[in-house]
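Q: One letter stands for each residue in the lines below.
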Amino acid sequence: MKSKRLLAPYVAWMTVFTLIPLGVVIYYAFTDSITGQFTFANLSNLSTYLPIFLRSIFLSLASAAICLVIGYPVAYTIAQANPKWQRFLSMLVMLPMCMSFLLRTLAWVAMLEDTGIINRVVSSLGLKPLPLIRNSGAVILGMVYNYLPYMITPLYTVIMKIDPRLIEAAQDLGCDHKRVFTKVILPLSVPGIISGITMVFVPAVSTFYISQKLGSTGTTMIGDVIESQFKTAYNPNLGAALSLVMMILIFICIGFMNRFTDSEEEGVVTP
Amino acid sequence: MKKRLLILPLLLALLLPCLVFPAAAASNEITVYNWGQYISDGSDGYVDVIEEFEAETGIKVHYLTYDSNESLYTKLKTGGSTYDVIIPSDYMIGRLIAEDMLEPLNFDNIPNYRYVDEAFKNQAYDPENRYSVPYTWGTVGVIYNTKYVDEDDVGGWDLLWNSKYAGKILMFDNCRDAFAIAESLLGYSLNTQDPTELRSCASLLSEQKPILQGHVMDQIYDKMIREEAWIAPYYAGDYLYMLEENEDLGFYFPEEGFNVFIDAACIPKGCTNQEGAEAFINFLCKPEICGENLEYLGYSAPISEAKNYMDPEVAESEIAYPSDEVLANSESFSALDLETSQLMDSLWLSVKTSGSDTTGYLIAGAALLLAAIALTVILKLHRRRKLARRGISRRTNQA
Numbered sequence: 006m007k008s009k010r011l012l013a014p015y016v017a018w019m020t021v022f023t024l025i026p027l028g029v030v031i032y033y034a035f036t037d038s039i040t041g042q043f044t045f046a047n048l049s050n051l052s053t054y055l056p057i058f059l060r061s062i063f064l065s066l067a068s069a070a071i072c073l074v075i076g077y078p079v080a081y082t083i084a085q086a087n088p089k090w091q092r093f094l095s096m097l098v099m100l101p102m103c104m105s106f107l108l109r110t111l112a113w114v115a116m117l118e119d120t121g122i123i124n125r126v127v128s129s130l131g132l133k134p135l136p137l138i139r140n141s142g143a144v145i146l147g148m149v150y151n152y153l154p155y156m157i158t159p160l161y162t163v164i165m166k167i168d169p170r171l172i173e174a175a176q177d178l179g180c181d182h183k184r185v186f187t188k189v190i191l192p193l194s195v196p197g198i199i200s201g202i203t204m205v206f207v208p209a210v211s212t213f214y215i216s217q218k219l220g221s222t223g224t225t226m227i228g229d230v231i232e233s234q235f236k237t238a239y240n241p242n243l244g245a246a247l248s249l250v251m252m253i254l255i256f257i258c259i260g261f262m263n264r265f266t267d268s269e270e271e272g273v274v275t276p
Numbered sequence: 248m249k250k251r252l253l254i255l256p257l258l259l260a261l262l263l264p265c266l267v268f269p270a271a272a273a274s275n276e277i278t279v280y281n282w283g284q285y286i287s288d289g290s291d292g293y294v295d296v297i298e299e300f301e302a303e304t305g306i307k308v309h310y311l312t313y314d315s316n317e318s319l320y321t322k323l324k325t326g327g328s329t330y331d332v333i334i335p336s337d338y339m340i341g342r343l344i345a346e347d348m349l350e351p352l353n354f355d356n357i358p359n360y361r362y363v364d365e366a367f368k369n370q371a372y373d374p375e376n377r378y379s380v381p382y383t384w385g386t387v388g389v390i391y392n393t394k395y396v397d398e399d400d401v402g403g404w405d406l407l408w409n410s411k412y413a414g415k416i417l418m419f420d421n422c423r424d425a426f427a428i429a430e431s432l433l434g435y436s437l438n439t440q441d442p443t444e445l446r447s448c449a450s451l452l453s454e455q456k457p458i459l460q461g462h463v464m465d466q467i468y469d470k471m472i473r474e475e476a477w478i479a480p481y482y483a484g485d486y487l488y489m490l491e492e493n494e495d496l497g498f499y500f501p502e503e504g505f506n507v508f509i510d511a512a513c514i515p516k517g518c519t520n521q522e523g524a525e526a527f528i529n530f531l532c533k534p535e536i537c538g539e540n541l542e543y544l545g546y547s548a549p550i551s552e553a554k555n556y557m558d559p560e561v562a563e564s565e566i567a568y569p570s571d572e573v574l575a576n577s578e579s580f581s582a583l584d585l586e587t588s589q590l591m592d593s594l595w596l597s598v599k600t601s602g603s604d605t606t607g608y609l610i611a612g613a614a615l616l617l618a619a620i621a622l623t624v625i626l627k628l629h630r631r632r633k634l635a636r637r638g639i640s641r642r643t644n645q646a
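Heads up: the sequence lines are chains A and B, in that order. Residues in the first sequence are numbered consecutively from 6, following my numbering. Residues in the second sequence are numbered consecutively from 248, following my numbering.
Be aware that a few hints might be false.
Below, a list of computed lysine to aspartate or glutamate pairs in the EDC-like style, where the Cα atoms sit at most 20 angstroms apart [said to hold, decoys possible]:
no.	chain 1	residue 1	chain 2	residue 2
1	B	K322	A	E232
2	B	K470	B	E444
3	A	K218	B	D465
4	B	K324	A	D177
5	B	K516	B	E375
6	A	K236	B	D465
7	B	K394	B	D495
8	B	K324	A	D37
9	B	K411	B	E475
Treat the hints as calculated values from the structure; they're not laboratory data.
Taking the hints into account, I'd like the entire structure generated from these sequences.
A: Following this line, the structure appears as structure tokens:
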């Protein structure tokens, strides 16, 4: 009884600020913007936005993958460091997040643009300015930069908690370093990898500011479209429909990823 | 019991100022919602309009900005915030009047309205002059950097489609202004409601996309001044402002025709302090304030007397006050009907989202999806095999 009562504030919070708004989103997605009548029109012409959905998913999966490649060694190194350093290093990882997200993105703009810092150096060397900004690469770079801490933190937490006795046992049984890593450490850090990818992918796929600042006119992401529906075009119904589809897609993606954890967790030995 | 009795008056004492103060404060505060970079703020030795107004009337001003008529409209429509003074453009005023979103003004509180030139009264967007007081007027033309742009290429709107300057061209990030450019190029009226004409405008705008640096509004100042971009269509008044920061910038009125607009102060429905708002509008019409404010802005004054308070060079500028001959080539916007506005909105969205490299992403997306499915299947099989093996070993152990 008591434990249920403790849940009450959260349940109330959930209902008021998550469930009811979700209902409103669904309501808007299925109604017409002028007459307010029930319609499938918002959802039926979503096929026009399919390339944008795919582009968003592609760009954010790519960023998640790069975050993993960069983040894993970092998390591993921090987890192996001595405890005093660990706190300092993980604080360093979180440090950029103390600054505004918008400011960090604008700083990249100032660096990458044609008259930006990097290109000024390049042209002072007598070379032609490099096309650093306004392409998919710049968008991915912006997302990797902004979301990397979300990858490192869960990875670090999981790797840190791996029981050192398991590693010792593997070594005793004749595993070399490489095999210890592939047979013990990597499988045991899969939950961290999954939650890292999820935590990078989900915000990245619905991001809207980075693609506007660092991307070209051809790298519009679904977040930009949704934003424009609420900011300038004033069509909240279409915006809601797009958000709903985005939400479903994210759920599917998370579902996919959770499959990996399920399969691996059975292999984990609980001491 | 006693404790509770004590708490009650305490609570009341705490709540009392909350009840009294907002009411008292409201009569002394207004919220002004204006375009970005659209009022003299005391920089470069010019007048600080808001500070002067506060000093003269004692009314406190909260000042907020937007970057296009469309975002103003959305903000008003979604509600949640109240504004006392807004400064939309002609066509948006027409739309707001049609949708009953403006409060009629009490002109007894705006005596300075008498200074406004007759030419700016009784406009199509507000034929009876009940809702709006002109703030500025101006034109749209092309701003370009004379250092990089060949003089042979300038003259018309087609400069914005010239692939020689790919990556250095900016475009309006609002549908009405962007469509107006395509409409001028194709020789249509800026107020056309013909869906096929609008569609051909949209395809013209999509064609332009690959060579654009981006769709922007207020960012244009920064990008043009720092020479990150070389060509941009924008409001003539802002050109004069930018010219002070970068003297290599040039400007011309495109030969195909261009838009002339009036931005006017209005009071939206739901305003909390109409008298204060009217006092502010009245203050803006004061010739000396209007003169100094618009000298700073570079936009054109709808009050001839204000020119007496301007630097004569600005007051005689061919760009801020083009001759009738030049203006003969211009056209003003009128409000479009709801259906056309919505069509334009959706066409604009399709312009903005049309991708140049769609097929590549389609293939990549499909490949990724397939890879993910394949991986799941393999993992599942792997797990099943593992389980099967373990199952056997367990059985053997038991035996």
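Q: Please work out if A/K218 and B/D465 have their alpha carbons no farther apart than 20 angstroms.
A: holds, 13 angstroms
Q: Going straight from one Cα to the other, do B/K322 and A/E232 come out at no more than 20 angstroms?
A: holds, 13 angstroms
Q: Just to be careful, I want the Cα atoms of B/K394 and B/D495 compared with a cutoff of 20 angstroms; is the pair within it?
A: holds, 6 angstroms
Q: So if I understand the rule, the pair passes when the alpha-carbon distance is 20 angstroms or less; does A/K236 with B/D465 pass?
A: Status holds; Cα separation ~15 angstroms.
Q: Next pair to validate is B/K516 with B/E375; report whether the Cα-Cα distance is within 20 angstroms.
A: holds, 18 angstroms
Q: Does A/D37 lie within 20 angstroms of B/K324 when you go C-alpha to C-alpha?
A: holds, 16 angstroms
Q: Within a Cα-Cα threshold of 20 angstroms, do B/K324 and A/D177 meet the stated pairing?
A: violated, 70 angstroms
Q: Does B/K411 pair with B/E475 here, judged by a C-alpha cut-off of 20 angstroms?
A: Measuring from Cα to Cα gives roughly 16 angstroms; hence the hint holds.
Q: Is the straight-line distance between the alpha-carbon of B/K470 and that of B/E444 20 angstroms or less?
A: Violated - the C-alpha atoms of B/E444 and B/K470 are around 32 angstroms apart, more than 20 angstroms.
In terms of the numbered hints stated before, the structure departs from hints 2, 4, listed from lowest to highest.
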